[in-house]
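Engineer: If you read the sequences in order, they're chains A and B. Numbered per this note's numbering, the first sequence spans residues 48 to 491. Numbered per this note's numbering, the second sequence spans residues 48 to 491.
Hint data in this document are derived by calculation from the structure and do not stem from the laboratory. Incorrect hints may have been included.
Copies of one chain are not kept apart here, so a pair can be met inside one copy or by any two copies together.
To be verified - For lysine to aspartate or glutamate, the following EDC-like pairs were computed, each having C-alpha atoms within a straight-line distance of at most 20 Å:
(1) 245 x 108
(2) 245 x 69
(3) 235 x 188
(4) 199 x 220
(5) 199 x 230
For clarity, every value in this text was computed on a predicted model and none was experimentally measured.
Residues per chain are reported as follows:
There are 2 protein chains.
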Amino acid sequence: MSAEEEIREPQGENADSLTAAEIEAQHPADAAETIEGLDITDQVKFIKQLPVKDAAESIAEMEDHDQRALIQSLNTGLAARIVEQMSPDDATDLLEDLDDELRHALLNRVPEEERAELKTLLTFDPDTAGGVMNTEVVILDQDLSPDQGIGKIREEVEDKEIPYYAYLVDKKDRLTGVVSLRDILLAKHGIKLKDLVKTQSLVTVGYNVDKEEVAHLIAHYNLLALPVVDFGNRLLGVVTVDDVIDIIHEEASEDMQAMVGAGADETTDSPWLYSVRVRLPWLIINVLFSAVSAWVVHLFEGNIAEMAVLAVLMPVVANQAGNTGQQALAVMIRQLAMERFDRRRAWVAVLREIRIGLVNGLIISTLVFCAALFLTDKLALASVMGLALGVDMLLGAFAGASIPLLLKEMGRDPAQASSIFLTTITDSMGFFFLLGLAGLLLLA
Amino acid sequence: MSAEEEIREPQGENADSLTAAEIEAQHPADAAETIEGLDITDQVKFIKQLPVKDAAESIAEMEDHDQRALIQSLNTGLAARIVEQMSPDDATDLLEDLDDELRHALLNRVPEEERAELKTLLTFDPDTAGGVMNTEVVILDQDLSPDQGIGKIREEVEDKEIPYYAYLVDKKDRLTGVVSLRDILLAKHGIKLKDLVKTQSLVTVGYNVDKEEVAHLIAHYNLLALPVVDFGNRLLGVVTVDDVIDIIHEEASEDMQAMVGAGADETTDSPWLYSVRVRLPWLIINVLFSAVSAWVVHLFEGNIAEMAVLAVLMPVVANQAGNTGQQALAVMIRQLAMERFDRRRAWVAVLREIRIGLVNGLIISTLVFCAALFLTDKLALASVMGLALGVDMLLGAFAGASIPLLLKEMGRDPAQASSIFLTTITDSMGFFFLLGLAGLLLLA
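Okay, chain A solo, but in the shape it has when bound (with noise of 0.2 Å):
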């Protein structure tokens, strides 16, 4: 790709000849990169050269299951170094992903501050807002001016991960307001920052809403942080933008394979036994499903003797039903993955795709009509056919629409396993409607 030469961006090295200098010279995301790309016991020797603060950085930046990989082969020692220079939410996540024994371990090594921050992180669900926050946030007396509310940002700013906003507290450190690092810039003199507080821009949220409906927020109002506060409105910290740029990414992604039935978190990196483990109950399901689909065949098996050209179109009603309700679901999931819907514009919703399923089940089905009529130059045959695809691709066009809504009413994951249960439905039924009317009409 030419767009390609037009990026310019740190450059990796080839691993043969790494030196620690020159992961240290990447940028931490790409370091963490090229140590993924090494075998774990250069992975140990690499980071053991590092400065411990570049070793933190990368290894935060690293994938889960290689994050957690790297740390047990780390003595205690050093390990517990590199989780005390990390940003608490960074460690967090880290220590989380980590055995018991190891955890205790690591966490009693780290100074006593870190380590009441971090055994307070851990107590929160990790899919929560508790869970993703970061507790470096810049707070504000409300009644400072802007250049005292400078000065103090300067004083503190160095341990803390994003200086871009303030949050302004009163006497009793209930959260008041957030003003951004422009607005005190900007300020006049004479004024407090309280004053800068625009009440329609405070958008905060419990500690315990779920991350992906934090994620929301966090697109939905353009925020680069949101706060996280707890039941008496105090700040607990603040969840920022870069860290839902992942959870967004994965959410909207991992509904393509929840639809299928494959674990929303699986990628090509998780252990194989993993992703057998949570894909075979769905398999298991959709076998005993289509049991259903093969006990219909089975009512008209002996249409299907008698006229075995019925068993050469079953496919073809089946799959093209199928591919259109899939069609109809696709689009309906990732609409209920981005927006809150009300009840009455998901029927609107449904209405749509059923007006579309009309049209092309119309035309499709016309199609295969005037094919299979000239192909066994059958008028009955190519009608029953025909009708049978055209009901068969309506009705998936139906389901698909509403089988998201209908989980998401039960309080389920719109997504999971939808697909398996759409062509259950669209299964059966075409070779219902397929093998009913041929009986009726081509048999009788």
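Got chain A; can you put chain B on it based on the hints?
Structural biologist: Just chain B, lined up with the frame of chain A:
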């Protein structure tokens, strides 16, 4: 959901009793949703009552087609004032969607300076870095001191969207580095801004780089903004993380739709005839491909006439192998969307899927063998079924993992219609295995 209650966000009002003041009090992102929910006459009424700046901010947050419809309904004078108040990147997005006549009319009413900028932005391909970039950038001479830098930022910041990074240029306006506002605030006296630059952290893109690649880079390097340069390395603008969130979300979730032959950009709000048009070609391809499966069954029509129970088993094989393959497909597509894959890693991933398919195939086909034996009491039939199913599931896993890679090798979207290609293979080969083996072993 109880979690929902923990989100404190600006509240919208019931549309019936809505006033312009209430819309004005909302966050622009919420105001946009409120406006979208009104019919077009009310939309125009409220937009006329809002301060132009607020109207511009809210309209910028609306969905493309709602935005276009609203602008078309306003009188040209007001529409031009709204466009003028938008940030240049939002204004460009809007203008791109309008027909030539209205675009020219609006541009002619925008003041000279903004018009020149918008015209330049409109020359960039909307799918590239140049098309999504923002031109409101803080640019500083690299030889300034930190305090001079802060002074300059304070002067300029009023109409810049994101002063969190400042970009340093040499005497020839070539980009030499980027420093964060944080770094400037923290800087010691007596140094120059260029001394603050960390060389490892300068990542830039050419204006013609694809926007998805831009999104990847921002996510990979955790950037708030990525500078866009021309061939002479002169700074043209920046792409900010908030624009990229939408690109990432769209890109990640559009694969699910592309996989089953729906339009990648379809939403439940797309005109339904548009959806008919984008899906129909793939449905036609699907029905042509189904004809292959039908033809395979047709080859064995004699076997089915003799043993109609084969038709009962056909859908089980096809559906199960199709589902197995789709699981591999989804995981593979997602991975290809998230990172660049070298050929070696790609084949490791295919091998992994083959292994998973083999184990799941063995387990499921053993179960099905037992069930078939129990239900029919025919060992040979149950064996044929188990064997055909197991082999087809293995083939499905291999095909599901390989198809995205092959599509990519061919320079195509790895997701596009991949599920259609897959089920053609699993259907036709599944019927071939089942009916062929039955012919050899049961009917010989």
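Engineer: At most 20 Å between alpha carbons: which applies to residue 199 and residue 220, within, between, both or neither?
Structural biologist: within (17 Å within a copy, 34 Å between copies)
Engineer: Indicate which option fits the pair residue 235, residue 188 if close means a Cα-Cα distance not exceeding 20 Å: within, between, both or neither.
Structural biologist: within (18 Å within a copy, 26 Å between copies)
Engineer: Checking residue 245 and residue 108: alpha-carbon separation at most 20 Å within a copy, between copies, both or neither?
Structural biologist: between (35 Å within a copy, 19 Å between copies)
Engineer: Is the C-alpha distance from residue 245 to residue 69 at most 20 Å within one copy, between copies, in both cases, or in neither?
Structural biologist: The answer is between: 15 Å across copies meets 20 Å, while 47 Å in one copy does not.
Engineer: Indicate which option fits the pair residue 199, residue 230 if close means a Cα-Cα distance not exceeding 20 Å: within, between, both or neither.
Structural biologist: Classified as both; 15 Å inside a copy, 15 Å across copies.
Figure legend: structure checked against the earlier numbered hints; every hint is met.
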